[in-house]
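*Asks:* So you can see what is in the structure, the chains are spelled out below.
Number of protein chains: 2
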Amino acid sequence: MAQPRVGLIGATGETGGSILKGLIEDGGFDIIALARPESLSKRANVTLKDKGIQMRALDLEGPQEAIVAALKDIDILISAIAGSQQLAQIPLAKAAKVARIKRFVPCAFATPMPVGVHQSRDQKEEIFNLTKRLHLPYTIIDVGWWYQFSFPRLPSGKIDYVVGFPNETIPGDGNVPTALTDLRDVGKYVARVIKDERTLNKTAFVYNELWTQNKIHDLLEKLSGEKIPRKHTPAEEYERKVDAVIAELETNPKDPVLRFKKVYNQYCLSVGIRAENTPEYAQYLGYLDGKSLYPDVNFTSYENYMKEVVDGKAVGIYDEMRPLLFQALKEEH
Amino acid sequence: MAQPRVGLIGATGETGGSILKGLIEDGGFDIIALARPESLSKRANVTLKDKGIQMRALDLEGPQEAIVAALKDIDILISAIAGSQQLAQIPLAKAAKVARIKRFVPCAFATPMPVGVHQSRDQKEEIFNLTKRLHLPYTIIDVGWWYQFSFPRLPSGKIDYVVGFPNETIPGDGNVPTALTDLRDVGKYVARVIKDERTLNKTAFVYNELWTQNKIHDLLEKLSGEKIPRKHTPAEEYERKVDAVIAELETNPKDPVLRFKKVYNQYCLSVGIRAENTPEYAQYLGYLDGKSLYPDVNFTSYENYMKEVVDGKAVGIYDEMRPLLFQALKEEH
Numbered sequence: 001m002a003q004p005r006v007g008l009i010g011a012t013g014e015t016g017g018s019i020l021k022g023l024i025e026d027g028g029f030d031i032i033a034l035a036r037p038e039s040l041s042k043r044a045n046v047t048l049k050d051k052g053i054q055m056r057a058l059d060l061e062g063p064q065e066a067i068v069a070a071l072k073d074i075d076i077l078i079s080a081i082a083g084s085q086q087l088a089q090i091p092l093a094k095a096a097k098v099a100r101i102k103r104f105v106p107c108a109f110a111t112p113m114p115v116g117v118h119q120s121r122d123q124k125e126e127i128f129n130l131t132k133r134l135h136l137p138y139t140i141i142d143v144g145w146w147y148q149f150s151f152p153r154l155p156s157g158k159i160d161y162v163v164g165f166p167n168e169t170i171p172g173d174g175n176v177p178t179a180l181t182d183l184r185d186v187g188k189y190v191a192r193v194i195k196d197e198r199t200l201n202k203t204a205f206v207y208n209e210l211w212t213q214n215k216i217h218d219l220l221e222k223l224s225g226e227k228i229p230r231k232h233t234p235a236e237e238y239e240r241k242v243d244a245v246i247a248e249l250e251t252n253p254k255d256p257v258l259r260f261k262k263v264y265n266q267y268c269l270s271v272g273i274r275a276e277n278t279p280e281y282a283q284y285l286g287y288l289d290g291k292s293l294y295p296d297v298n299f300t301s302y303e304n305y306m307k308e309v310v311d312g313k314a315v316g317i318y319d320e321m322r323p324l325l326f327q328a329l330k331e332e333h
Numbered sequence: 001m002a003q004p005r006v007g008l009i010g011a012t013g014e015t016g017g018s019i020l021k022g023l024i025e026d027g028g029f030d031i032i033a034l035a036r037p038e039s040l041s042k043r044a045n046v047t048l049k050d051k052g053i054q055m056r057a058l059d060l061e062g063p064q065e066a067i068v069a070a071l072k073d074i075d076i077l078i079s080a081i082a083g084s085q086q087l088a089q090i091p092l093a094k095a096a097k098v099a100r101i102k103r104f105v106p107c108a109f110a111t112p113m114p115v116g117v118h119q120s121r122d123q124k125e126e127i128f129n130l131t132k133r134l135h136l137p138y139t140i141i142d143v144g145w146w147y148q149f150s151f152p153r154l155p156s157g158k159i160d161y162v163v164g165f166p167n168e169t170i171p172g173d174g175n176v177p178t179a180l181t182d183l184r185d186v187g188k189y190v191a192r193v194i195k196d197e198r199t200l201n202k203t204a205f206v207y208n209e210l211w212t213q214n215k216i217h218d219l220l221e222k223l224s225g226e227k228i229p230r231k232h233t234p235a236e237e238y239e240r241k242v243d244a245v246i247a248e249l250e251t252n253p254k255d256p257v258l259r260f261k262k263v264y265n266q267y268c269l270s271v272g273i274r275a276e277n278t279p280e281y282a283q284y285l286g287y288l289d290g291k292s293l294y295p296d297v298n299f300t301s302y303e304n305y306m307k308e309v310v311d312g313k314a315v316g317i318y319d320e321m322r323p324l325l326f327q328a329l330k331e332e333h
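As you go down the protein sequences, you meet chains R and D in turn. Residues in the first sequence are numbered consecutively from 1, following the UniProt record's numbering. Residues in the second sequence are numbered consecutively from 1, following the UniProt record's numbering.
Worth flagging that the hints you see were computed from the coordinates, not collected in a lab. Here a beta-carbon is modelled for each residue, glycine too, at the ideal position from N, C-alpha and C. Among the hints, erroneous ones may be present.
Chain D residues, not near chain R, derived (Cβ > 10 Å throughout) [unchecked claim]: (1) P4; (2) G27; (3) E38; (4) V46; (5) Q54; (6) K94; (7) T212; (8) E221; (9) K241; (10) D255; (11) Y284; (12) K291; (13) K313.
Chain R stretches covered by chain D per the calculated footprint, using a threshold of three residues with CB under 8 Å from any CB of chain D [as the list claims (entries may be wrong)]: (14) 125 to 133; (15) 189 to 195; (16) 198 to 212.
Quick list of simulated restraints, FRET-style, between CB atoms [as the list claims (entries may be wrong)]: (17) D/D173 / R/I90: 26 to 32 Å; (18) D/T251 / R/E248: 35 to 41 Å; (19) D/D173 / R/L87: 34 to 40 Å; (20) R/L87 / D/S156: 53 to 59 Å.
My request is simple: use the sequences and hints to build the entire structure.
*Replies:* Here you go:
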């Protein structure tokens, strides 16, 4: 039997890059990276092509027939589209139905969350709902919070080279567990999930390890020998900040720092206060549990990852976003 | 151990009445019927009280503390609230969280359907989403389409006494299966579901039998000896009618006949064309399958129910709605 042909959107992004690597390492897939026509000549895509990845142009703003043609002969379609482009999946899902895609994996790849908390998540939910109206076979995969965004700075500044997300204050008492995954392991899980009949038309939650902010701080202090100041922020403070930033966004709806602040505080509430990034809450929402499905995945332990961080060997992500994150961080803390 | 205490909203309605009967026959529950303060003196509620049902006043427009007080000591809260009152469950769900309800059964009790097809269903979904934001333990129960609404008139008019829903035209080719349940059996399933740990924080689809419109017509012809004219309506015709009625509703948003027509045509598309009222589609949406959960429920067969209908022994439902339904039916057919 021929290998299943996987179409991957977003192969040059952080999540898509991990998925591409996972699919290649699995070895069981015929992979096609789908990219915007005008992006095919960009360096990142040329690099993929040079590595032997089949490339296809996909213009989600073009006519449906062209999108359907770009999906020809693809069995499994994975969308790791940019966070800001979620609604571009509307024509994608409609074309996937026409193209008889056997499994559509719409963009999720984050923390489990109910509807009505977070705009970006709600946009993803719009795509899930459209998928279901289309009766399109699907799998939704959430992967928890990334190792890469999970830890605070050190007072010495020695790990600033890799800090990607503000974790300078600890939500609530700091004892709420959060499911963490090394971004580099995301693709391993995706490769397992998409060839698994048990996950067809299901939502799956995969992750590496459960940690609390207090334990993360303890670990980083132990590995670095530095003492990290611990400032706890109560739930009400995050709620107040969400309300304030929503009010500010009314006058400056496009301001990227404000938008990031909103997402940041909403995530702190969901993940750090309400414990929504946990296997228990995911199960409550109806997810299949990744630990039960794939107990044998060989992933990087959080402790080993944090050793890389402290040893100056970790690799930063979202480099182009970091100045924005740091500005927001400075204003929030 | 004390019996679980069940609070039931809508006990004098069609669905709630069946649930009340099912709970009583089960014998394993301490039942409290919750009704609006001004309704407690109405005949239907006085009848319940005379039968020994405990009654409590519940004012969903009142202050939260009063709603919480009305839910005191209730373990399982079932809402079979009127179709037009779905959003009154917002204060109910919030109070249920404060009252530490162990299992909230928000109003569903219809056919499985994706988000974005049908306003009433979408309102129910709003309540499901709120429930999940509250982290409130829940079970959602859909019961398919009622026997009582499943069949067409006979040319002789002899079963007009009990026809409750227009089925004079057959959606599509008439071979699409639809899951049917005798309204009188709904409560039997609910009694099973609410004491079942497997259904906690899950969505369950329970139903009696699968029938197609062609087979329903065949059966009714066989039982009555009459020939029923068969007019098939294609999908495009329903879509055109939905669009037309949505346009008409813009000028007359409250018109009850228009509103019913919209729902009717949307249901015909979902149930009769897209086969969404089936165990396969329910499973696709993530429902647990009632036939696997409760293979031993003793229900009325569709054939026996239809014999009652033809023999003049069936009981009509929604009597106060029938003139409206018949007016809409006349205009649609």
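*Asks:* Hint by hint, say whether it matches the structure.
*Replies:* Here is what the structure says about each hint:
1. P4: holds (20 Å)
2. G27: holds (30 Å)
3. E38: holds (32 Å)
4. V46: holds (40 Å)
5. Q54: holds (31 Å)
6. K94: holds (13 Å)
7. T212: Consistent with the label, D/T212 stays out of reach of chain R, its closest Cβ about 18 Å off (over 10 Å).
8. E221: holds (32 Å)
9. K241: Given a closest Cβ separation of 19 Å, the condition holds.
10. D255: Nearest chain R Cβ is 27 Å from D/D255, so the label holds.
11. Y284: Incorrect as stated: the minimum Cβ-Cβ distance to chain R is 5 Å, not above 10 Å.
12. K291: Holds: least Cβ distance 18 Å, greater than 10 Å.
13. K313: holds (39 Å)
14. 125 to 133: It holds, with 4 qualifying residues against the three required.
15. 189 to 195: Coverage by chain D is violated here, the residue count being 0 at a Cβ distance below 8 Å.
16. 198 to 212: It holds, with 3 qualifying residues against the three required.
17. D/D173 / R/I90: 26 to 32 Å: holds (30 Å)
18. D/T251 / R/E248: 35 to 41 Å: holds (39 Å)
19. D/D173 / R/L87: 34 to 40 Å: With Cβ atoms ~35 Å apart, the hint holds.
20. R/L87 / D/S156: 53 to 59 Å: holds (54 Å)
Going through the hint list in order, the structure does not satisfy hints 11, 15.
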